[in-house]
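Asker: Sequence:
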Amino acid sequence: MSGPQRPAPGPGERPEDDVHPGDDAPDLDAPDRDAPDRDAPDRDALDRDAPDRGAPDRGAPGAGADADPPASEPPAPAAAAPRRRGRDPLAAALIGVLTLLLGFAFAVQVRTTGTGEDYSTLREEDLVRILDDLDAREDRLREQIADQRAALRELNSSDSQSEAALQEARERAEALGILNGTVAAQGPGLLMTVRDPEGRVRVADLLDAVQELRGAGAETMQIDGVRVGVSTAVTGEPGQLRIDGTAVQSPYEIRVIGSPQDLQTAMNIPGGVVDRVGRQGGTVDIEQSPSVLVDALRQLDRPQYAQPDTDDGN
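Okay, so the sequence shown: first residue is 1 according to the numbering used here, each after it adds one.
Simulated from the structure, these hints should not be mistaken for laboratory data.
It is possible that part of the hints are untrue.
Unchecked claim - Here are the in silico distance ranges between beta carbons for each label pair:
id, residue 1, residue 2, range
1, Glu-171, Leu-297, 28 to 36 Å
2, Leu-131, Ala-164, 45 to 53 Å
3, Leu-152, Leu-176, 17 to 25 Å
4, Ser-231, Ser-289, 52 to 60 Å
5, Pro-238, Asp-311, 42 to 50 Å
6, Arg-142, Pro-303, 55 to 63 Å
7, Gln-288, Leu-176, 35 to 43 Å
8, Gly-96, Ala-151, 51 to 59 Å
9, Pro-303, Glu-237, 45 to 53 Å
10, Gly-236, Gly-177, 57 to 65 Å
Cβ coordinates follow ideal geometry from the N, Cα and C atoms, glycine included.
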């Protein structure tokens with residue numbers, strides 16, 4: 001006996017389930033729980049695309065996974081990693097230098113320790129020999145120091161002797177210059193004025209005055225601005241006298257350096273210069289002075305025949 005017949009499904013309708021006629025047919029569009037999710041992304045692909053969990057997420061601000069980063073915050077500079085890599089050679093160089101220094105210090109310490117151990121292990125005879133060598137070296141150094149000091153003293157002495165000889169040569173040259181009339185001189189002496197109003201003073205009278213002054217110790221003199229030297233010549237006639245070719249006139253001014261008392265005594269002796277000039281109608285005024293300036297100079301005559309004697313007598 002047949003049961004009630006289900007009406008045939010119309011177009012677009014699915015046939016009812018014979019087992020569960022009253023239930024709704026399963027939705028073919030619903031996803032099957034047992035079937036793999038075709039639309040879900042592959043987990044392996046996600047793992048490959050996801051950033052390393054140990055590395056910092058430059059895009060995330062550090063909040064939850066669903067939080068969006070603020071739009072105003074700029075991304076971290078990408079040059080941080082190269083800068084960090086650029087410091088690595090410098091750090092390596094510093095480490096190398098420190099290692100070398102430590103190695104050098106260790107080597108010096110080992111060498112010092114080894115030297116001490118070498119001396120400590122030497123025999124007594126060897127130590128005595130080393131000590132003798134050191135003493136001998138010290139003696140040689142002391143001798144060298146003494147030699148150097150002696151050489152220094154000799155140099156100083158020779159310098160002093162040279163300086164003394166040079167000073168003596170200067171003094172002798174100055175003395176010879178004063179005597180020869182090539183250097184100006186100053187010192188105590190006499191200022192004499194010979195007046196000859198009648199023009200009767202002769203060449204011999206002036207020559208006698210020069211000779212008597214030299215005999216009394218006169219060192220240098222000048223007459224009317226003409227320096228008197230060893231080769232001085234007085235020429236001319238009374239009233240027209242010449243000294244070394246230079247005409248002089250009365251009153252004759254004589255400046256002479258020497259002992260004032262001795263010079264004045266020589267001029268005043270009986271029959272001396274003062275008496276002779278007085279007999280010829282003239283006068284002689286004598287004044288002692290503590291400072292007489294003789295500044296007239298004469299040219300030094302170069303000898304034509306005489307030469308220095310270089311023979312030392314041998």
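Asker: Next, verify each hint and record whether it holds.
Answerer: Against the structure, the hints:
1. Glu-171 <-> Leu-297: 28 to 36 Å: violated (19 Å)
2. Leu-131 <-> Ala-164: 45 to 53 Å: Given a distance of about 49 Å, which is inside 45 to 53 Å, the answer is holds.
3. Leu-152 <-> Leu-176: 17 to 25 Å: This hint is violated: roughly 36 Å between Cβ atoms.
4. Ser-231 <-> Ser-289: 52 to 60 Å: violated (27 Å)
5. Pro-238 <-> Asp-311: 42 to 50 Å: holds (49 Å)
6. Arg-142 <-> Pro-303: 55 to 63 Å: At roughly 58 Å between Cβ atoms, Pro-303 and Arg-142 fall inside 55 to 63 Å, so the hint holds.
7. Gln-288 <-> Leu-176: 35 to 43 Å: violated (27 Å)
8. Gly-96 <-> Ala-151: 51 to 59 Å: holds (53 Å)
9. Pro-303 <-> Glu-237: 45 to 53 Å: Taking Cβ atoms as reference, Pro-303 and Glu-237 lie about 31 Å apart, which means the hint is violated.
10. Gly-236 <-> Gly-177: 57 to 65 Å: violated (28 Å)
When each numbered hint is compared with the structure, violations occur for hints 1, 3, 4, 7, 9, 10.
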